[in-house]
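**Q** Letter by letter, the chains look like this.
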Amino acid sequence: MNRIKVISLIFLVMLTLIFSPFIGGTWISPDDIFTSDISQQIIMDLRTPRVIFAFLVGFSLALIGAVFQALLRNDLATPYTLGISSGGSLGAVLAIKSGFLLHWFGFSAVVIFSVTGSLATILIIYLIARSRYGMAPLTLVLTGVTISLLFSSMILFIHYLADFTETYRMIRWLMGGLQITGWQYPLTLLPVAVVTFLYLYRHAHAINILSTGHEMAMSKGVDVLRLQKRIFFGGSILVGVVVAFAGPIGFIGLIIPHLIRLLIGPDHRILLPVGAIVGGVFLVWCDTLARTMIAPAELPVGIITAMIGGPFFMWLLLRHSQKSAV
Amino acid sequence: MPEILNIDRLNFAYQHDPVLEDISLTLGESEFVGIIGPNGAGKSTLLKHMAGVLTCREDRLFIENKPLNRIPRRRLARAVAYLPQEVEFVFSFSVDEVLRMGRYPHTHGIRIYSQRDEDVIDNVSRMLDIEAFRLRNYSDLSGGEKQRVLIASALAQEPKLILLDEPTSALDLHHQLGIYQILRSQQQSNGLTVVVVTHDINLAAQFCTRMILMDHGKILRDGPPDQVLQFQTLQDVFGVKVYIDINPMTESLYILPYG
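Residue numbers (the working numbering), protein chains in the order written: chain A, 605 to 930; chain B, 3 to 261.
Isolated chain A (complex conformation):
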């Protein structure tokens, strides 16, 4: 990373965070803030918190995608590979079906059920995958995939029992979205994301070594068991919170770490901060598209990230198969 790249990255973030709130169903020009109360309210209470929220969600997903790919020693891993998101989704779908009108610290029943589902899933995976010699990457992946399938079938079952309104709400939730008002979500996510990032960043060098395998990492002085456990719990809890707030928004956790690795290499000391920031910027612009494409209506942002992410993923697979064919 040379200085020019660092400066252009900072510039990109500033540009994104400052400009995107003005773009939306209706364009609000910066001087309207001072002249119109309604414009000021739209910018301050709707669009700015939403942009910050989108940034934090993208930031978290790219960060966790990168570390899970190292933890699982698999560059096709995503924040959802371990099945935590399906636990969260099952919780959310249950909350919608049961129709609880529960509110707790200002969070809806969907959020509370979803976080509970994620935490329960984290615990189940940990109890299955742990062993004396740490969590074997393959066992973790298999456990995650199995749990995802199991929970998906339960979600389908609840869908089947649900009426049309409930089904619509469930599907809409599963598409992922960032429609929020006010500062509660971004201000709750902020500390969780920042603390997780700082912790992971402190261990970036150890994560490099962890990606080369258990035995190698142990022999280089990495406390593999402890590091694995902390990455697993730290990352999973952040994923649980993100999924509860924004639904399972796909592809960011997969494509952004890949993109950054292609551009600047696999060293996590650079990959983690740059990947997370680019992930945040990417999701802000995807959400800006989602807000404007069919204005005054909105597209679920998950559709946009998948539309951009899908072709990228195919290209990646193509590249993989060409490489192994040579």
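Read the hints as simulated data drawn from the structure, not as lab findings.
Built from N, CA and C at the ideal position, the CB exists for glycine as well.
Careful: at least some of the hints might be erroneous.
Here's a subset of chain A near chain B, in silico, CB distances under 8 Å, partners left out [what the hints assert, rightly or not]: (1) N678; (2) G781; (3) T785; (4) I813; (5) T816; (6) M822; (7) P870; (8) A899.
Based on these hints, arrange chain B on the given structure of chain A.
**A** Just chain B now, kept in the frame of chain A:
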């Protein structure tokens, strides 16, 4: 001779069948030890215990008289380096980044490498003759180059004991010899203790000061090559007929199986 590693009656089983039975041995400074024996004799398992990659519940292994299980990982990595039989990188790290991994036990947190770290890395790259490709991707290197990079990364830990699991099994004659020569020069000039697990008995006989013959999880013979490489023992352990002679060029033993 100062003791580096001491093993006191080590027993180990992965599941139920014992893999190591009642292993006791002591390694001193500046030894070159070859562990030989048939497949499944427990050689690699023993090496993994010495590296602290596998552990047993009781304190059976001691590094400089401290129980290995209780030494913090980083401190252990400053004393003992280990090269697994197979190392597979999922991400394409550059050679330089692989070398830096060897300095991890000497750093704290996210800290940038000190001048001393850089000096050590320069030094090991020179010794292993890998300076020319330090900026290339590890995954693009040939088998011999990869092995040299991994050994350099292990030596960058500045260990007192280096453990290698079949370090030359994938290499041609030239590189096989090269690896052993590097290890011997480290052993002789820096007092490094080298332990190799190998099937190449002849190379081991030429370079090792001490050989350990294992079978069925037990140590059968332990001593200088000419005491371990005995006709009857080898025929019994490996189940083949062998011819043993002295190589007039090196005056070390060599064996040839025949049938």
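**Q** Look at each hint and say if it fits the structure.
**A** Results for each hint:
Checking N678/A against chain B: minimum C-beta separation of about 7 Å stays under 8 Å; hint holds. Among the interface hints, the one on G781/A is violated; its C-beta lies about 33 Å from the nearest C-beta in chain B, farther than the 8 Å criterion. Restraint check, T785/A versus chain B: the minimum CB separation of about 38 Å is more than 8 Å; hint violated. With a cut of 8 Å, the hint placing I813/A at the interface with chain B holds, because the nearest CB-to-CB distance is about 5 Å.
Taken as an interface hint, T816/A checks out: its beta carbon lies about 6 Å from the nearest beta carbon of chain B, inside 8 Å. For the restraint placing M822/A at the interface with chain B, the shortest Cβ-Cβ distance is roughly 5 Å, inside the 8 Å limit, so the hint holds. For the restraint placing P870/A at the interface with chain B, the shortest Cβ-Cβ distance is roughly 4 Å, inside the 8 Å limit, so the hint holds. About 41 Å separates the beta-carbon of A899/A from the nearest beta-carbon of chain B, more than 8 Å, and the hint is not met.
Violated hints, in rising order: 2, 3, 8; the structure is consistent with all others.
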